[in-house]
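Those protein sequence lines, which keep their order, are chains G and L.
With the numbering used here applied, the first sequence has no gaps in its numbers, which climb one by one up to 428 at the end.
With the numbering used here applied, the second sequence has no gaps in its numbers, which climb one by one up to 428 at the end.
Some hints could be false.
Each pair may be met inside one copy or between any two copies, as identical chains are not told apart.
Below are the DSS-like pairs computed for lysine-lysine, each with C-alpha atoms no more than 25 Å apart in a straight line [said to hold, decoys possible]:
id, residue 1, residue 2
1, 318, 25
2, 18, 318
3, 86, 293
4, 278, 69
5, 86, 53
6, 25, 317
7, 86, 62
Bear in mind the hints are in silico, worked out from the structure with no lab data behind them.
Keep in mind that this is a model prediction, so the values were computed, not measured.
2 protein chains.
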Amino acid sequence: MSNLEQDIKDLAGRAKKAARTLVALSTDAKNKVLLHMSAAIDEKRDFIQAENKKDLAAGKEKGLSAAMLDRLELSDKVIESMRNGLSEVAALPDPVGEIEKMVKRPNGLLVGRMRVPLGVIGMIYESRPNVTVDAAALCLKAGNAIILRGGSEAIHSNRALASVLQEALLSQGISGDAIQVIPVTDREAVNFMLSQEESIDLIIPRGGEGLIRFVSETSRIPVLKHYKGVCHIYVDRDADLAKASPIIINSKVQRPGVCNALEGLLIHKDIAEEYLPVLAAEMKNQGVKLLGCEESVKIASGIAPADKKDWGTEFLDLILCVKVVNNMEEAFAYIDEYGSQHTEIILTENYSNAQRFLNEVDASAVMVNASTRFNDGGQLGLGTEIGISTTKLHAYGPMGLEELTTRKFIVYGQGQVRT
Amino acid sequence: MSNLEQDIKDLAGRAKKAARTLVALSTDAKNKVLLHMSAAIDEKRDFIQAENKKDLAAGKEKGLSAAMLDRLELSDKVIESMRNGLSEVAALPDPVGEIEKMVKRPNGLLVGRMRVPLGVIGMIYESRPNVTVDAAALCLKAGNAIILRGGSEAIHSNRALASVLQEALLSQGISGDAIQVIPVTDREAVNFMLSQEESIDLIIPRGGEGLIRFVSETSRIPVLKHYKGVCHIYVDRDADLAKASPIIINSKVQRPGVCNALEGLLIHKDIAEEYLPVLAAEMKNQGVKLLGCEESVKIASGIAPADKKDWGTEFLDLILCVKVVNNMEEAFAYIDEYGSQHTEIILTENYSNAQRFLNEVDASAVMVNASTRFNDGGQLGLGTEIGISTTKLHAYGPMGLEELTTRKFIVYGQGQVRT
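Make the full structure from the sequences, and use the hints.
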């Protein structure tokens with residue numbers, strides 16, 4: 010075993026040991042340390058920003074784009090948002106210890122299911138160093154230890170933030186090993202991290218499709234991930250067209266570079282003649298380029314013919330695919346083929362179609378008459394999120410505190426034996 | 010791609026297509042086909058038993074043990090139990106479509122989480138062919154398609170059972186692809202099955218530790234498994250000793266060869282002198298061999314010194330390890346080190362110790378004053394089980410119908426957009 014492998018193994022072992030002590034922490038104790046962390050970040054602002062400047066300088070030298078440098082910077086504004094995040098997580102209800110479905114069995118056993126932490130969570134992410142604080146806060150509130158592996162370009166920032174958080178833990182009598190940053194930038198460290206299945210319970214990768222594919226193909230530990238968000242809106246024959254345009258514009262334009270932005274529009278043939286020209290004009294005003302099927306190109310001007318490869322593409326840009334469909338079944342089949350099980354919307358006033366769509370479409374969030382942009386932990390009421398899962402095991406959709414826990418069975422007996 | 014690989018890929022693709030249609034089946038339709046399957050197994054009993062005889066004959070020729078041949082046989086009794094299983098699954102509540110936590114968000118969106126099938130489940134198991142029917146019934150009731158890969162020694166029986174189940178599906182207008190058996194016994198077929206992550210959503214292996222390790226190390230698909238059950242009872246200082254012996258005997262003796270049988274006993278030092286000699290005598294009467302720590306060997310006769318490798322061993326036999334501990338913390342540490350996160354019990358009348366044990370011990374089931382044998386889907390109220398998970402993602406403990414589903418977000422909007 011190489012030194013690095015042994016170091017990672019030891020680090021993960023310490024995290025597991027720390028996790029064992031977090032189970033017994035009261036909600037009050039966890040909230041107190043979260044607020045203490047917020048204060049500590051304020052106090053250590055100069056240190057954090059000085060370390061961050063090292064990353065920014067190295068980034069400039071390496072020729073990072075202005076956008077990437079912007080994401081890397083721990084400005085006063087970003088620091089305030091990290092501090093607010095800590096207060097918000099402190100204010101969220103604690104899922105740990107919640108007991109669901111307590112029932113009395115015929116033999117008198119009282120059986121319930123208690124929410125407990127998962128244990129140790131490994132987080133692998135790209136540039137933004139504020140994720141270090143956000144993810145650590147969520148994991149801690151759910152009683153988990155966390156091992157963070159950020160991008161190499163943010164290493165000074167991440168180490169600085171982790172040291173501030175660890176001091177805050179220690180000042181409250183909690184093991185600093187509950188929040189650890191992999192201190193080296195070697196790519197190999199990730200491989201070693203992904204094989205610590207004895208100590209790490211879950212890996213959450215956040216970043217581009219390449220990173221996520223690499224992690225899920227390499228990991229010996231369960232991974233919660235989503236590759237991409239190819240979200241659709243189906244405009245039903247019975248859609249209220251007055252509602253349609255604001256929803257479509259919001260879904261496509263409000264923040265085109267994120268996973269819950271709209272990428273494809275399906276429109277029922279019976280309303281295509283009426284609505285497509287209106288939509289095309291509106292989209293033009295919004296600076297959105299439309300790529301359409303043959304039928305749609307015939308109906309409205311300003312729609313360029315879509316290429317075969319455009320269908321199902323996550324553009325993350327002001328581009329939208331448009332397709333005319335003969336009925337809802339065709340919309341279902343299209344979504345099955347090109348969707349990414351992220352967010353699927355129907356616009357309709359038809360009761361039965363709305364219910365069928367909700368029941369039958371397979372995506373982490375299915376909605377009627379609402380913007381795709383609502384598939385987000387905060388918007389759906391989880392308080393905040395640590396990521397979105399588009400696979401179905403354990404979590405499907407935004408993951409909040411509850412998704413960072415599991416349930417064990419607890420049984421109150423009075424001497425029962427099995428017959 | 011080899012022919013076999015292409016065949017497995019096609020088979021999995023057909024299962025995925027069938028799964029799409031199962032989502033829309035009503036509970037009534039699913040129950041009807043389950044009862045129809047029960048009738049069909051009765052009608053086709055001669056065919057099933059004739060095919061089973063081929064496996065039995067081949068097994069005898071291969072020199073399988075009497076116990077293995079017994080597990081392989083589809084006797085009238087086993088057939089009745091499969092038929093009862095189908096009726097029982099038909100009688101269970103359907104988790105699909107259940108909506109939890111419907112809440113109204115400040116912007117008027119109604120947000121809920123709807124239980125939906127996982128999709129396609131791959132089951133890999135060893136000899137007992139009745140698993141074919143039990144697993145197919147549970148998966149179907151939860152709206153999933155299933156791909157079954159039984160042991161090579163049961164191939165005729167499994168193919169016969171699957172053909173009967175498929176005919177029953179078809180007679181009710183449901184795709185026969187919802188229940189498929191891998192029709193060949195090549196070991197390679199398993200590898201190909203485990204790489205169909207585009208079509209299969211979950212793999213459940215059932216069998217020995219070797220099979221389970223192989224599956225979880227090879228699979229590109231999420232796996233729910235447990236390696237072994239090393240279950241403990243901690244007899245607290247404040248245990249009611251009148252309750253202790255019946256529970257310990259039941260846990261160890263009722264069915265020593267199963268995963269929820271007792272393998273280790275921890276006893277508080279203050280009651281060891283009083284209770285260990287009593288227990289040793291009772292265990293002797295039950296034919297149980299005791300292996301103990303130094304301290305316990307001194308206290309009671311009939312306890313052999315345990316070897317280092319005995320601690321944490323899953324004996325699956327009439328053997329029990331005994332260790333004297335100084336306090337509950339030592340019991341926790343022992344369970345952390347040697348337990349398998351399966352079932353852990355405290356015997357106590359002390360309120361605080363009972364609560365601490367339930368809260369802090371990490372196992373899929375933790376119990377007070379009850380037999381380890383209650384960690385079972387039927388006993389804990391799930392109706393029945395498809396396996397027990399001792400890892401924490403998705404399910405922890407016995408897995409019933411609910412664990413064969415996931416939850417998606419559903420949203421009823423009235424035109425909302427995100428601001």
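Cross-check of the supplied hints:
Only between protomers do residue 318 and residue 25 lie at most 25 Å apart by alpha-carbon distance; the minimum there is 24 Å, versus 46 Å within a single protomer. Within a single copy, residue 18 and residue 318 get their C-alpha atoms only as close as 44 Å, which misses the 25 Å cut-off; across copies the closest is 24 Å, which meets it. Taking identical chains as interchangeable, the C-alpha atoms of residue 86 and residue 293 are never at most 25 Å apart, the minima being 34 Å within one chain and 72 Å between chains. For the homomeric pair residue 278 and residue 69, neither the shortest alpha-carbon distance inside one copy (52 Å) nor that between copies (65 Å) is at most 25 Å.
In this assembly of identical chains, residue 86 and residue 53 lie within 25 Å of each other by CA distance solely inside one copy; the values are 15 Å within and 73 Å between copies. Taking the shortest Cα distances, residue 25 and residue 317 sit within 25 Å of each other only across copies (24 Å), while inside one copy they are farther apart (49 Å). Taking the shortest Cα distances, residue 86 and residue 62 sit within 25 Å of each other inside one copy (15 Å), while across copies they are farther apart (75 Å).
Violated hints for the displayed structure, listed by number in ascending order: 3, 4.
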